[in-house]
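Residue numbers (the numbering used here), protein chains in the order written: chain D, 598 to 709; chain G, -1 to 111.
Calculated directly from the structure, the hints in this document are not laboratory data.
On a predicted model such as this, the values are computed, not experimentally measured, just so you know.
Some chain G residues close to chain D (C-beta under 10 Å, calculated; not the full set):
1. 1
2. 2
3. 39
4. 40
5. 43
6. 104
Calculated pairs, DSS-like style, for lysine-lysine (alpha carbon to alpha carbon, straight line, at most 27 Å):
7. D:696 to D:666
8. G:76 to D:696
9. G:39 to G:13
10. G:39 to G:76
11. D:600 to G:52
12. G:39 to D:600
13. D:649 to D:666
14. G:42 to D:649
15. G:49 to G:76
16. G:49 to D:696
17. D:651 to D:706
18. D:600 to D:706
19. D:666 to G:42
20. G:52 to G:42
21. G:42 to D:706
22. D:666 to D:600
23. D:600 to D:696
24. D:649 to D:696
25. G:52 to G:76
26. G:13 to G:76
27. G:42 to D:600
28. G:42 to G:76
29. D:651 to D:696
30. G:39 to G:52
31. D:706 to D:666
32. D:651 to D:666
33. G:42 to G:13
34. G:39 to D:696
35. G:39 to D:706
36. D:600 to D:649
37. G:39 to D:666
38. D:600 to D:651
39. D:696 to G:52
40. D:696 to G:42
Quick reminder that beta carbons are idealized off the backbone N, C-alpha and C, glycines included.
What follows is the residue order along each chain.
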Amino acid sequence: LAKTTQPISMDSYEGQEVNITCSHNNIATNDYITWYQQFPSQGPRFIIQGYKTKVTNEVASLFIPADRKSSTLSLPRVSLSDTAVYYCLVGEAPSGTYKYIFGTGTRLKVLA
Amino acid sequence: EAGVTQFPSHSVIEKGQTVTLRCDPISGHDNLYWYRRVMGKEIKFLLHFVKESKQDESGMPNNRFLAERTGGTYSTLKVQPAELEDSGVYFCASSQEVLDEQFFGPGTRLTVL
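Using the sequences and the hints, build the whole thing.
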């Protein structure tokens, strides 16, 4: 199974770009990488998902290098409301059996 | 559209008692997942249903845990008998297709005394 690790915490200031990296050294060829945001007392909320190269949506970008052993979530111009815990999730689907591995989570604190 | 709901939001029980957690997925989502986070640890995958069929139970901690999804709609996760180390937050999620975006419920916080 893919093992996923992330930095424990990060601090940033409002308006800055934040990049959070997840390492998944054992990722399999058919794994997808998904990022979630979680606020206290809530369930994780979907941010973005990708398989390779770069994916962008209205809130974030996801960069995945060719070897796919890591991925980087990029949040442009963060605001105070982006203070949360961010998780990567690797979905593995070998021959019909599905498993999902969450990263260790990165606690982002956005300062005024 | 209603999101994933979980009941109860909190449960406090004594060691040795039984607790049943319930998850109602988004209507039409065939895929339902259970996860849990124990204190200080990362979120761990427990199991995955496609409709009423269990896909993989290897994440279930032990045979004190039983998950069911009769009729392929809501799911229950029963812990019997509960132990202290079962304390944590149990999340349920659902998705339309496998490996699609998963929609998470707010979680059930279980405390075993």
